[in-house]
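Protein chains in written order, with the numbering used here: chain A, 1 to 117; chain B, 1 to 200.
No lab work stands behind these hints, which were simulated from the structure alone.
Cβ atoms here follow ideal geometry from the backbone N, Cα and C, with glycine treated the same way.
Hints are supplied without guarantee of correctness; some may be wrong.
[Stated by the list, open to error] Some, not all, of what chain B presents toward chain A, calculated at C-beta under 10 Å:
(1) Val88
(2) Arg92
(3) Leu119
(4) Ala123
(5) Arg127
(6) Ala128
(7) Thr174
(8) Phe194
(9) Val196
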Amino acid sequence: MNAKAELGRRGEGLAARFLERQGYAIRARNFRRARGEIDLVATHDGYLVFVEVKTRTAGAPLHPSLSVTARKREKLRQLGALYCAEHPELALQPRFDVVSVELGGHTRSIEHLINAF
Amino acid sequence: MPDFRLERELWAQGYRLVAGVDEAGRGPLAGPVVVAAVVLPPEWPPELRLNDSKKLAPAQRERLFPEIRRRAIAWRITAVMPAEIDRVNILRATLAGMARAIASLRPAPDCVLVDGNTLPRLALPARAVVAGDARSNSIAAASILAKVVRDRIMGAYARRYPGWGFERHKGYGTEAHREALARLGASPIHRRSFRVRAPA
Numbered sequence: 001m002n003a004k005a006e007l008g009r010r011g012e013g014l015a016a017r018f019l020e021r022q023g024y025a026i027r028a029r030n031f032r033r034a035r036g037e038i039d040l041v042a043t044h045d046g047y048l049v050f051v052e053v054k055t056r057t058a059g060a061p062l063h064p065s066l067s068v069t070a071r072k073r074e075k076l077r078q079l080g081a082l083y084c085a086e087h088p089e090l091a092l093q094p095r096f097d098v099v100s101v102e103l104g105g106h107t108r109s110i111e112h113l114i115n116a117f
Numbered sequence: 001m002p003d004f005r006l007e008r009e010l011w012a013q014g015y016r017l018v019a020g021v022d023e024a025g026r027g028p029l030a031g032p033v034v035v036a037a038v039v040l041p042p043e044w045p046p047e048l049r050l051n052d053s054k055k056l057a058p059a060q061r062e063r064l065f066p067e068i069r070r071r072a073i074a075w076r077i078t079a080v081m082p083a084e085i086d087r088v089n090i091l092r093a094t095l096a097g098m099a100r101a102i103a104s105l106r107p108a109p110d111c112v113l114v115d116g117n118t119l120p121r122l123a124l125p126a127r128a129v130v131a132g133d134a135r136s137n138s139i140a141a142a143s144i145l146a147k148v149v150r151d152r153i154m155g156a157y158a159r160r161y162p163g164w165g166f167e168r169h170k171g172y173g174t175e176a177h178r179e180a181l182a183r184l185g186a187s188p189i190h191r192r193s194f195r196v197r198a199p200a
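Turn these sequences into a full structure, and let the hints steer you where they fit.
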């Protein structure tokens, strides 16, 4: 695994743990279909939450939750619809969140943007 | 350094009033997102060099702020408050603020340059410019107006809601801010749709 993929993996793990502590039930990690993938799928409080995890090292210029492009949002929406179609038993309100994980030398911060787009 | 290259392309196509649009405060955990729209005149004094608000010191932004308002053909600043951000989401709140700022410009622009990768819904020709505040003078001017006004708003909130340190971090998720949040809980201006992990 290259360094970037490794960083992304670590971020996803930390994001999943963070969400679980907030009471989210993780249903899938790396939901992958031909069009791409959703990092995390969780349920919480009547919502089916599709989570894009953005991991970066400290000091990157752009706030990670703001770097989800229109194309990526559209792709996530399509994947989310696909997930819903594959799980008709989940009669939940879909929602798209972004979790940003910033990994510094000894600091690590996690931000969760609920209903990001 | 930003310049008038993008504006000039549009002027050459016959557009007269080109508005630059930018926002401040999409990322913070608290406070409004502030949007500015500015139509600059085609001549801008070189000694009042415009730049991306993040690359200017606060004193430089304060010096440019009245100059932009005095010299602009039109300018408008709007704030979208945390309640609306939580209701519709930060992306849509920002785009709604942009649409409002643009719609209330007088004289009305005939073309728009918007910072970022997403355009608001507009009845005007518009172009999204990634890193636009570092490329276009009009967007840079808008970024300065938005940033200065947002900092002032957060300064006022710092007095009304002392303890969270808004005067220092302006609502951004710094370590000190996250510590204060863990200690004090959310203030009335915290965005409920932004959650953070308490520092370890």
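For this session: Would you check whether B/Arg92 satisfies its interface hint, that is, whether its CB is within less than 10 Å of any CB in chain A?
Result: holds, 8 Å
Exercise. Close enough to count: is the Cβ of B/Arg127 nearer than 10 Å to one in chain A?
Worked result: This hint is violated: B/Arg127 lies away from chain A, its Cβ roughly 14 Å from the closest one there, beyond 10 Å.
Problem set entry | chain A contact restraint on B/Val196 - CB to CB distance below 10 Å | holds, 5 Å
Exercise. Hint check: is the beta carbon of B/Ala128 less than 10 Å from a beta carbon of chain A?
Worked result: B/Ala128 check passes; min Cβ-Cβ to chain A is 9 Å, inside 10 Å.
Problem set entry | Cut-off 10 Å, beta-carbon criterion: hint that B/Phe194 touches chain A | With a minimum Cβ separation of about 6 Å from chain A (threshold 10 Å), the hint on B/Phe194 holds.
Problem set entry | Supplied contact hint for B/Ala123, tested at 10 Å Cβ to chain A | violated, 19 Å
Exercise. Taking the least C-beta to C-beta distance, is B/Thr174 closer than 10 Å to chain A?
Worked result: Because about 9 Å separates B/Thr174 from the closest Cβ in chain A, which is inside the 10 Å limit, the hint holds.
For this session: Against chain A, run the beta carbon of B/Val88 and see if the smallest gap drops under 10 Å.
Result: For B/Val88, the interface hint holds, since the closest Cβ of chain A sits about 8 Å away, which is under 10 Å.
Exercise. Does B/Leu119 pass the interface check with chain A, least Cβ-Cβ distance below 10 Å?
Worked result: Given a least distance of 9 Å, the restraint on B/Leu119 holds.
This entry does not satisfy hints 4, 5, going by the numbered hints stated previously.
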